[in-house]
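Protein chains in written order, with our numbering: chain B, 1 to 487; chain E, 1 to 487.
Hints were generated in silico from the structure; no laboratory data involved.
Wrong hints could be hidden among the right ones.
To be verified - Stretches of chain E that chain B covers, calculated by requiring three or more beta carbons in the stretch to come under 8 Å of a beta carbon on chain B:
1. 279-292
2. 450-462
To be verified - Label pairs and their in silico Cβ distance ranges:
3. S264(B) x D484(E): 40 to 46 Å
4. S238(B) x A309(E): 38 to 44 Å
5. R393(B) x P483(E): 18 to 24 Å
6. W25(B) x R303(E): 39 to 45 Å
7. S238(B) x D484(E): 39 to 45 Å
8. V335(E) x S238(B): 32 to 38 Å
9. A327(E) x T120(B): 35 to 41 Å
10. D484(B) x S264(E): 29 to 35 Å
11. A309(E) x D29(B): 49 to 55 Å
12. E3(B) x I22(E): 53 to 59 Å
13. I22(E) x R316(B): 41 to 47 Å
14. I22(E) x R393(B): 29 to 35 Å
15. A41(E) x E330(B): 40 to 46 Å
Glycine included, each C-beta is placed from N, C-alpha and C at the ideal position.
Protein chains: 2
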Amino acid sequence: MSETFHAFNPSTGAALAAEHPIVSWPELDAMAAASMDAAAALADTDPARIAAFLRACADRLDADRSRIAATAHEETALPLEPRLAQVEFDRMLGQLRQAADAAGDVGPTSWRCPMIDEATNIRSDRGPLGGAVFSIGPNNFPLAFHGVSGGDFAAAIAAGNPVIAKGHPLHPSTGRLLADAVTAAIVDAGLHPATVQYVAHCEPEDGLRLIADPRIAAVAFTGSRAAGLAIKAAADASGTIASLEMSSLNPVFALPGALADPASLAEAWAGSVTLGAGQFCTKPGVLVAIGAGADAFIDAACRRFEAAAPGILLARDGIASLAIGIAAVESSGAVRRCGGHAVEPGFRFEPTLLTVDGATFLDRFEDLATELFGPAGLVVKATDLDEALTIARRLEGQLTATICTGSGDDAGWNALASVLRSRCGRLLENKMPTGVAVVPSMVHGGPYPATGHPGFTAVGVPASIARFTQARCWDGVAPSRLPDWLV
Amino acid sequence: MSETFHAFNPSTGAALAAEHPIVSWPELDAMAAASMDAAAALADTDPARIAAFLRACADRLDADRSRIAATAHEETALPLEPRLAQVEFDRMLGQLRQAADAAGDVGPTSWRCPMIDEATNIRSDRGPLGGAVFSIGPNNFPLAFHGVSGGDFAAAIAAGNPVIAKGHPLHPSTGRLLADAVTAAIVDAGLHPATVQYVAHCEPEDGLRLIADPRIAAVAFTGSRAAGLAIKAAADASGTIASLEMSSLNPVFALPGALADPASLAEAWAGSVTLGAGQFCTKPGVLVAIGAGADAFIDAACRRFEAAAPGILLARDGIASLAIGIAAVESSGAVRRCGGHAVEPGFRFEPTLLTVDGATFLDRFEDLATELFGPAGLVVKATDLDEALTIARRLEGQLTATICTGSGDDAGWNALASVLRSRCGRLLENKMPTGVAVVPSMVHGGPYPATGHPGFTAVGVPASIARFTQARCWDGVAPSRLPDWLV
Numbered sequence: 001m002s003e004t005f006h007a008f009n010p011s012t013g014a015a016l017a018a019e020h021p022i023v024s025w026p027e028l029d030a031m032a033a034a035s036m037d038a039a040a041a042l043a044d045t046d047p048a049r050i051a052a053f054l055r056a057c058a059d060r061l062d063a064d065r066s067r068i069a070a071t072a073h074e075e076t077a078l079p080l081e082p083r084l085a086q087v088e089f090d091r092m093l094g095q096l097r098q099a100a101d102a103a104g105d106v107g108p109t110s111w112r113c114p115m116i117d118e119a120t121n122i123r124s125d126r127g128p129l130g131g132a133v134f135s136i137g138p139n140n141f142p143l144a145f146h147g148v149s150g151g152d153f154a155a156a157i158a159a160g161n162p163v164i165a166k167g168h169p170l171h172p173s174t175g176r177l178l179a180d181a182v183t184a185a186i187v188d189a190g191l192h193p194a195t196v197q198y199v200a201h202c203e204p205e206d207g208l209r210l211i212a213d214p215r216i217a218a219v220a221f222t223g224s225r226a227a228g229l230a231i232k233a234a235a236d237a238s239g240t241i242a243s244l245e246m247s248s249l250n251p252v253f254a255l256p257g258a259l260a261d262p263a264s265l266a267e268a269w270a271g272s273v274t275l276g277a278g279q280f281c282t283k284p285g286v287l288v289a290i291g292a293g294a295d296a297f298i299d300a301a302c303r304r305f306e307a308a309a310p311g312i313l314l315a316r317d318g319i320a321s322l323a324i325g326i327a328a329v330e331s332s333g334a335v336r337r338c339g340g341h342a343v344e345p346g347f348r349f350e351p352t353l354l355t356v357d358g359a360t361f362l363d364r365f366e367d368l369a370t371e372l373f374g375p376a377g378l379v380v381k382a383t384d385l386d387e388a389l390t391i392a393r394r395l396e397g398q399l400t401a402t403i404c405t406g407s408g409d410d411a412g413w414n415a416l417a418s419v420l421r422s423r424c425g426r427l428l429e430n431k432m433p434t435g436v437a438v439v440p441s442m443v444h445g446g447p448y449p450a451t452g453h454p455g456f457t458a459v460g461v462p463a464s465i466a467r468f469t470q471a472r473c474w475d476g477v478a479p480s481r482l483p484d485w486l487v
Numbered sequence: 001m002s003e004t005f006h007a008f009n010p011s012t013g014a015a016l017a018a019e020h021p022i023v024s025w026p027e028l029d030a031m032a033a034a035s036m037d038a039a040a041a042l043a044d045t046d047p048a049r050i051a052a053f054l055r056a057c058a059d060r061l062d063a064d065r066s067r068i069a070a071t072a073h074e075e076t077a078l079p080l081e082p083r084l085a086q087v088e089f090d091r092m093l094g095q096l097r098q099a100a101d102a103a104g105d106v107g108p109t110s111w112r113c114p115m116i117d118e119a120t121n122i123r124s125d126r127g128p129l130g131g132a133v134f135s136i137g138p139n140n141f142p143l144a145f146h147g148v149s150g151g152d153f154a155a156a157i158a159a160g161n162p163v164i165a166k167g168h169p170l171h172p173s174t175g176r177l178l179a180d181a182v183t184a185a186i187v188d189a190g191l192h193p194a195t196v197q198y199v200a201h202c203e204p205e206d207g208l209r210l211i212a213d214p215r216i217a218a219v220a221f222t223g224s225r226a227a228g229l230a231i232k233a234a235a236d237a238s239g240t241i242a243s244l245e246m247s248s249l250n251p252v253f254a255l256p257g258a259l260a261d262p263a264s265l266a267e268a269w270a271g272s273v274t275l276g277a278g279q280f281c282t283k284p285g286v287l288v289a290i291g292a293g294a295d296a297f298i299d300a301a302c303r304r305f306e307a308a309a310p311g312i313l314l315a316r317d318g319i320a321s322l323a324i325g326i327a328a329v330e331s332s333g334a335v336r337r338c339g340g341h342a343v344e345p346g347f348r349f350e351p352t353l354l355t356v357d358g359a360t361f362l363d364r365f366e367d368l369a370t371e372l373f374g375p376a377g378l379v380v381k382a383t384d385l386d387e388a389l390t391i392a393r394r395l396e397g398q399l400t401a402t403i404c405t406g407s408g409d410d411a412g413w414n415a416l417a418s419v420l421r422s423r424c425g426r427l428l429e430n431k432m433p434t435g436v437a438v439v440p441s442m443v444h445g446g447p448y449p450a451t452g453h454p455g456f457t458a459v460g461v462p463a464s465i466a467r468f469t470q471a472r473c474w475d476g477v478a479p480s481r482l483p484d485w486l487v
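All chains should be modelled from the sequences, with the hints used to inform the complete structure.
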């Protein structure tokens, strides 16, 4: 008899009625076996049919939009309109359709990178991995990053890999609806039934065992640093490819010229910190305010944080984690200016602003430069550019880094950008990082430990597809045996 | 006082006079610090100057060709003409000049992948890693894969990364001459002096410590599986990028049609197995002969192996390793048909042919499917295609896999290729894998454990350069702050 679990409504704190299965190892083992058959079938499948499957996924999901969005809202308390029902839903559909276009593209600029050297009779391209991609989505984007319908799923399928998708235990009914739509689309497109297999949840040790299994070619994960590092260790030990998005401080450096208009900067930053209750991967959790303008900025930011509504966290555990994190930052020398408390009903938490001076921040760097998952931000008052540069040099790899500039800040930009450029995937100027445009030029990635490899991006087609491919050379192979795009 | 070491002449077994330093940790630590300065300097360097440096490397090396080749010959016993003085030397120079062209290329099809989205004001490209690449070359290609002058070096520099290069203890005087030429080229091009730093040798634990150091962005390694896995573990634990080429059986599957001409196939295979004394990464160490033609092929191969001169191994240790490996294969059920002995003078070893039936090979797979580094090959007699397919499915990731076909082998090709395609980087038909053409369509890579990542190639510009780059996004950044190729 399988174990089961259920979710909660974060807005009320009430348990939800639906029971969902915790999938056992024998079931995962059978899925891994089936995925090998699906991998072989996909390798012989016309790319146009894989493209048709991804389009059918988008169509099937769209047809069930209102029910899926309402379910996601109930399980996550993220705003129904426009966030879930429009913005994130359209993003999910757009990603699937972009991936469909890429899947069907066999041209010279496609992710397949076809190369033909007539003189040597040596050709190359990129192709699927020969095993399943285990796709594990996060808690904070129940649709667009979901393991069974999100960007990693779409990229893995576009490259011709079967997917074993794990839902997130905080929104299992959403995952069930998404998986049902995708399963129906498999039938629509006439693909092997194990092209996508869905797991509502499994024990962590079984998940790690699956990652280390040779039938699993790659794992895709978005989530916490602790879980990500455990997954990375399992993948590394077995040679499984890992595409990991772990955590990021997403530092903002505000130069003196930008601080000359404290109200505008405070509005932008506070809005970005509290968006989605501060549970974005790209939340700009630390702002380094450089020079004498820091105090006026902090005052303005305080007013914004105090005026914002409490954010609803995704999980009850999140309240305790955030409170503990805030207390740890305070005990390391930061001062809480506002917020700091959970609020009834449900999993609400006050927007929370903390400040610290640059010397203390550097002195207690490991304790203070930590992600607070929720509507909380830390302003670091740096005496001058030199202190800000010292901070920048201490930073680990980040998804994003932002430099806010104004009049007279060219030298400051140059100095900071030269340090930050190789420490982040996306460098922004005068723009908050929480908006991640789904365009080919986007990089949603960055150096370790923000991700596992700085060469990859989880958003942006076709680069996101390349993560799940291998480089293949065909040396002296008769033309009749080559893929169409190499003849 | 530093420790020192010296090399041997493998042809005579005599110790060579020159003493070389074993570099200590404090020296490595200072090199890591200097490489951070060089990384910052390179980030501000005109790509044309990096290109000029790589060309100057080629010119400086070419000017010292006869002395370098003669020294490499003395230390490795690889043939002076044409192998070292012509073929491998020209390959080294060609790689450096191809990398130079790529380094200076800022166009839309270059490794920089410049992308401009005017509508969103989001741009992206690929750029250097922000730290040093620790480049560790192998014993078997003292020039073209050398840490300080080979393909990994050229690719890392082309991407704008400083290099800390480690020589190989079997050919230290060669390494010293290569490093001297490269050091002179740094001055020619006016680059930061720590752009390339050379280490003759270091203790393994100091090398692993360097790999785990945050100032080292990547490690590039070609060599044994044991050393490669130790390096991978150190790199994985610290988030250092690793480009690893470990070992490979490079299996050949000979279908019945190909076995109809046993003499030709035997000549090609025996020549490939014994080339360079069987010390190529792509040596086809295992040949699976399918069907009744196997015996005639084995007889023909035996004659070729017996007629070939003993191969000179690179190291005295290699004799013992090879003898132990052969004995282990014999004790697991293989039969030695010829060879098997070391020969005086120097580090010579007889070309050695072993055979085994398919059932025994499958039964003792882990013991028999192992790399024998040297002039030794194993023929597996597979009863039929089904048994060959079972063998193919058991294989780990490989650099290459070869299918030899003749009349009537189309179905055999299709069945084998569908299994082998995702298990190797390069799939060949009727061609032995030891020739690795330096062309853009080459893939010298493959799934784990042949390498660390199936998406990368160590040979072929520009893909080999991409290994040592990060994906960078510029979001909302003012045009005056962008690289030229993004404006």
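Hints and how they fare:
1. 279-292: violated (count 0)
2. 450-462: holds (count 7)
3. S264(B) x D484(E): 40 to 46 Å: Hint violated: Cβ distance 31 Å, outside 40 to 46 Å.
4. S238(B) x A309(E): 38 to 44 Å: 42 Å, holds
5. R393(B) x P483(E): 18 to 24 Å: 22 Å, holds
6. W25(B) x R303(E): 39 to 45 Å: 53 Å, violated
7. S238(B) x D484(E): 39 to 45 Å: 43 Å, holds
8. V335(E) x S238(B): 32 to 38 Å: Holds, since V335(E) and S238(B) (Cβ atoms, about 34 Å apart) stay within the stated range.
9. A327(E) x T120(B): 35 to 41 Å: 40 Å, holds
10. D484(B) x S264(E): 29 to 35 Å: 31 Å, holds
11. A309(E) x D29(B): 49 to 55 Å: Once the Cβ atoms are compared, 52 Å apart, the range 49 to 55 Å for D29(B) and A309(E) holds.
12. E3(B) x I22(E): 53 to 59 Å: Holds, since E3(B) and I22(E) (Cβ atoms, about 57 Å apart) stay within the stated range.
13. I22(E) x R316(B): 41 to 47 Å: 57 Å, violated
14. I22(E) x R393(B): 29 to 35 Å: 32 Å, holds
15. A41(E) x E330(B): 40 to 46 Å: 41 Å, holds
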